[in-house]
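Visitor: The primary structure of each chain is shown beneath.
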Amino acid sequence: MTIINMTVNGVPRQMAVDERESLADTLRNRLGLTSVKKGCEVGECGACTVLIDGKAVDTCIYLSLWADCKSILTVEGLNRPDGELTPIQRAFVEEAAVQCGFCTPGLIMTAVEIVGTGKTYTREELRRLISGHLCRCTGYQNILNAMERIVEEAHKVAGK
Amino acid sequence: MSVGKSISRVDAYEKVTGRAMYTADLERPGTLVARVIRSTIANGVVKRFHLEKALAVPGVVKILTCFDGPEFLFPTAGHPWSTDKSHQDVADRRLLNTRVRVWGDDIGAVIAENEVAAQQALRLIEVEYEEYPPLVTVEQAMAPDATQLHPDFPGNILKQTEFRIGEPSYTQAAEEEGLARISKTYGVQTVQHCHIETAVSIAWMEKGRIVIVSSTQIPHIVRRVIGQATGLSWGKIRVIKPYIGGGFGNKQEVLYEPLNAWLTTQVGGRPVRLELSREEVMACTRVRHAMDITIGMAARPDGTFVARRFEGYSNQGGYASHGHSIIANAANGFRNLYTQEKVVEAQATTVYTNLTSGGAMRGYGIPQLSFAMESAVDDLALQLGMDPLELRLKNAMPEGYVDPGTGITCHVSGLRDCMQRGAEHIGWAKKRAAYQNQTGPLRKGVGMAIFSYKTGVHPISLETASCRMILNQDGTMQLQMGATEIGQGADTVFTQMAAQELELSPEDIHIVSQQDTDVTPFDTGAYASRQTYVSGMALQKTARSLKRRILDYASGLLEKPADTLRLEQGNIRDVQGNDLMALDVLATEAFYSLERPLHITAEESIHCTDNTYAFGACFAEVEVDIPVGKVKVLDIINVHDSGVLINPQLAQAQVHGGMSMGLGYALGEQLLYNDKAVPLNNNLLDYKLPTALDTPELYVDFVETVDPTGPYGNKALGEPPAIPVAPAVRNAVLHATGVAVGSLPLNSQKLVEAFEQAGLLKKAGGENV
Ligand code: FES
Ligand code: FES
Chain A
1 MTIINMTVNG VPRQMAVDER ESLADTLRNR LGLTSVKKGC EVGECGACTV
51 LIDGKAVDTC IYLSLWADCK SILTVEGLNR PDGELTPIQR AFVEEAAVQC
101 GFCTPGLIMT AVEIVGTGKT YTREELRRLI SGHLCRCTGY QNILNAMERI
151 VEEAHKVAGK
Chain B
1001 MSVGKSISRV DAYEKVTGRA MYTADLERPG TLVARVIRST IANGVVKRFH
1051 LEKALAVPGV VKILTCFDGP EFLFPTAGHP WSTDKSHQDV ADRRLLNTRV
1101 RVWGDDIGAV IAENEVAAQQ ALRLIEVEYE EYPPLVTVEQ AMAPDATQLH
1151 PDFPGNILKQ TEFRIGEPSY TQAAEEEGLA RISKTYGVQT VQHCHIETAV
1201 SIAWMEKGRI VIVSSTQIPH IVRRVIGQAT GLSWGKIRVI KPYIGGGFGN
1251 KQEVLYEPLN AWLTTQVGGR PVRLELSREE VMACTRVRHA MDITIGMAAR
1301 PDGTFVARRF EGYSNQGGYA SHGHSIIANA ANGFRNLYTQ EKVVEAQATT
1351 VYTNLTSGGA MRGYGIPQLS FAMESAVDDL ALQLGMDPLE LRLKNAMPEG
1401 YVDPGTGITC HVSGLRDCMQ RGAEHIGWAK KRAAYQNQTG PLRKGVGMAI
1451 FSYKTGVHPI SLETASCRMI LNQDGTMQLQ MGATEIGQGA DTVFTQMAAQ
1501 ELELSPEDIH IVSQQDTDVT PFDTGAYASR QTYVSGMALQ KTARSLKRRI
1551 LDYASGLLEK PADTLRLEQG NIRDVQGNDL MALDVLATEA FYSLERPLHI
1601 TAEESIHCTD NTYAFGACFA EVEVDIPVGK VKVLDIINVH DSGVLINPQL
1651 AQAQVHGGMS MGLGYALGEQ LLYNDKAVPL NNNLLDYKLP TALDTPELYV
1701 DFVETVDPTG PYGNKALGEP PAIPVAPAVR NAVLHATGVA VGSLPLNSQK
1751 LVEAFEQAGL LKKAGGENV
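From first to last, the protein sequence lines stand for chains A and B. Its first residue numbered 1, the first sequence is counted upward by one per residue in the working numbering. Its first residue numbered 1001, the second sequence is counted upward by one per residue in the working numbering.
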């Protein structure tokens, strides 16, 4: 076991982890952050995506050791104290971009990364940016609609 | 009015906040990890295990093998049980099999304190086998010298059925002079469901009973099958179904719940998690059957169909699962989509092989049929020199059609309107003409396909459903369905239906999403696009009973006859529409009244004895890059007649998902096996599941008919979107290139070969012509 320090959803954490442990397992099993889903455990599906220092990463193939001194954000960390949804989450709800919901937390984290750039993207660019996520339910159509909408909204705000 | 509105999903908040709990999220402290010991051969018998090294791994709790497991043979298909022996599913496997029939067969299990120990133990186990030649294809399995895989099925034939409607035989009818004829074999490949949540369950014991949380579409059926597989009395089994990360039919199968239920009994009832890896899900659960279907058609020069024939072989894989039902459904679908002057006949055969077992997958045999039949219609149209749209309009099932095999009636049909709308969207007439006589490496084409699809399983199997409603003190409602939410939006549409019946707002209906066989009313579950139709009927009946009870109670309180009272917008009103009492006041009174306390609830079940056809069409425009064999979908639309839409936005979303699945079937997905029946690409890297980059814009339209039998005029929607896409794309490629490809998927390898053969390309990278 090795001691690591990381900030998870804004809270500093010190914990002992197994050297072989993936960050997905640490977040799920030690911190109860079950929004981090596992669909393949080999970096193919994107369900386990979280932001590590602001970058979307598949945590199933990321050792917890590497997260030492890093800042982690999961969907749980987006939740506002009053339970109100962020515009990104609201867009997913309103555009019917959610079906079984298993790919959803990962996609939302990638959306947070994309929106965070403050740039605008064409639909084709968005397709490429989310192509690391597999979704079997939606054909990506409404996910892209939600993405387009929030990118536009964010850009409007940033542009002001 | 709640029905017909696009309200947001009732579970969306939980899902976007990561709070929705799926099976693996419900693990209890101290849960053990189980892993299946899998055969490394596809055909043979397990002789001996060497377990010493594995047992020495620290953390290994127990290793069980096929020599320990219960002897019961059991069926795994998620069908309603039949008390009539001749209609029961084939019971052809044990929990752990000594006779190995697929690569990765379940021959044992390791239970360990943690994942690492379980994995290490697995690697150290040695198994001795007696090995037989693997049977990969139907031809190999039917060869006279093939090993027989199951004792009761000589020749490895699981089942063969046939029918003929009309006179004389197809061959005789087709002989008539002056008819156009085709007879051609179309092949469809093995594909997998690829739900993003793998197969997982957690089992433990409580008060001498088994409790199992599982990612399943069919909790009540899982309970029955666990009983059949383990010998436990059914009442001793409790199945809990939380949110699930997709199923698409693979979880309409009792996969590993029985094994896990038995495993917990072997470790004193400690909780055990049995979670399959992605590789195991793809190789060792179920797949969509590969089939070869020969279609014969004979038509008059004006396009009128005279005679049609279907002859199909289905590659079952090692175990019966849903077995012959799937190709039998395809044969029935062949019978009903079109009419003909004289005769329609079919012969369908399901053959055991050593591939992954075929099971239910979205569309239940109809996507396979659709590729064969709809390709054949276009091939015939080409021969007749007729527009494929005209040919379909001329012969497609008319309203009032009664299927001679099942008695299912076409109550109402929007099929022709679906075709017209799709044609308009794609610019059919103009593009069919414009894309004739193209030359050069890039060519465009438009193609189409249509389908019909039943709603539920009546009269083939039992259709029953039930529902419970409980009035809360504040006038809101608890709604419990036996029907399951599997991502399709069932909870939301049931909420809308209940709100509609009781004239409440959807926020006042609290649906219990989780099914628990100890408390949930009985329903067979999510399959056959049945729930909004069949379970919707149960809901409607329950809501009406509840309403009657509310009004009866109000009648006592208000001293007015119940038939002069109405429940509207959360109020008891008289015939003039005056508010007499708020529902919350009545509810609180009912709970706590000292004179007449009453807990107002209702529970009803229904026996559905009807069925109805949903319809639709897909139109696609493609650009084919001939030298590299690449198909680009430029435009695609599905137009559906699913009757009245309960929630148009969710309906549309459902169609998107089906279209994407259809595009995967058309262009890339294929589970490959080597000649030892070992899967070659059972992972999401090598198996080409469509990504966002592979998916074009998906257009959807609806023709809303009002079905007289659906509880709200609705009919099947869940599965149909996946059906017509692949043949529409294939027919568009035919239009673009003149090359009639006979099998799926339309990948580069296959297309380049076909273009070479057709003379569009010179061999081996030569110039195109
Ligand atoms: S679980 Fe990490 S990418 Fe699939
Ligand atoms: S919503 Fe089911 S996998 Fe994306």
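Each hint should be verified, as a subset may be incorrect.
Stated by the list, open to error - Using 30 Å as the maximum straight-line C-alpha spacing, the simulated DSBU-like pairs for lysine-lysine come out as follows:
#1 1431/B to 1159/B
#2 55/A to 1688/B
#3 119/A to 1632/B
#4 1159/B to 1342/B
As the list claims (entries may be wrong) - Simulated coverage check for chain A against chain B, where a stretch passes if three residues somewhere in it have a Cβ under 8 Å from a Cβ of chain B:
#5 42-54
#6 72-81
Source of the hints: derived by calculation from the structure; they are not laboratory data. Glycine included, every Cβ here is placed at the ideal spot set by N, Cα and C.
Visitor: Indicate, hint by hint, whether the structure satisfies it.
Guide: Hints, verified against the model:
no., hint, result
1, 1431/B to 1159/B, "45 Å, violated"
2, 55/A to 1688/B, "26 Å, holds"
3, 119/A to 1632/B, "29 Å, holds"
4, 1159/B to 1342/B, "27 Å, holds"
5, 42-54, "holds (count 4)"
6, 72-81, "holds (count 5)"
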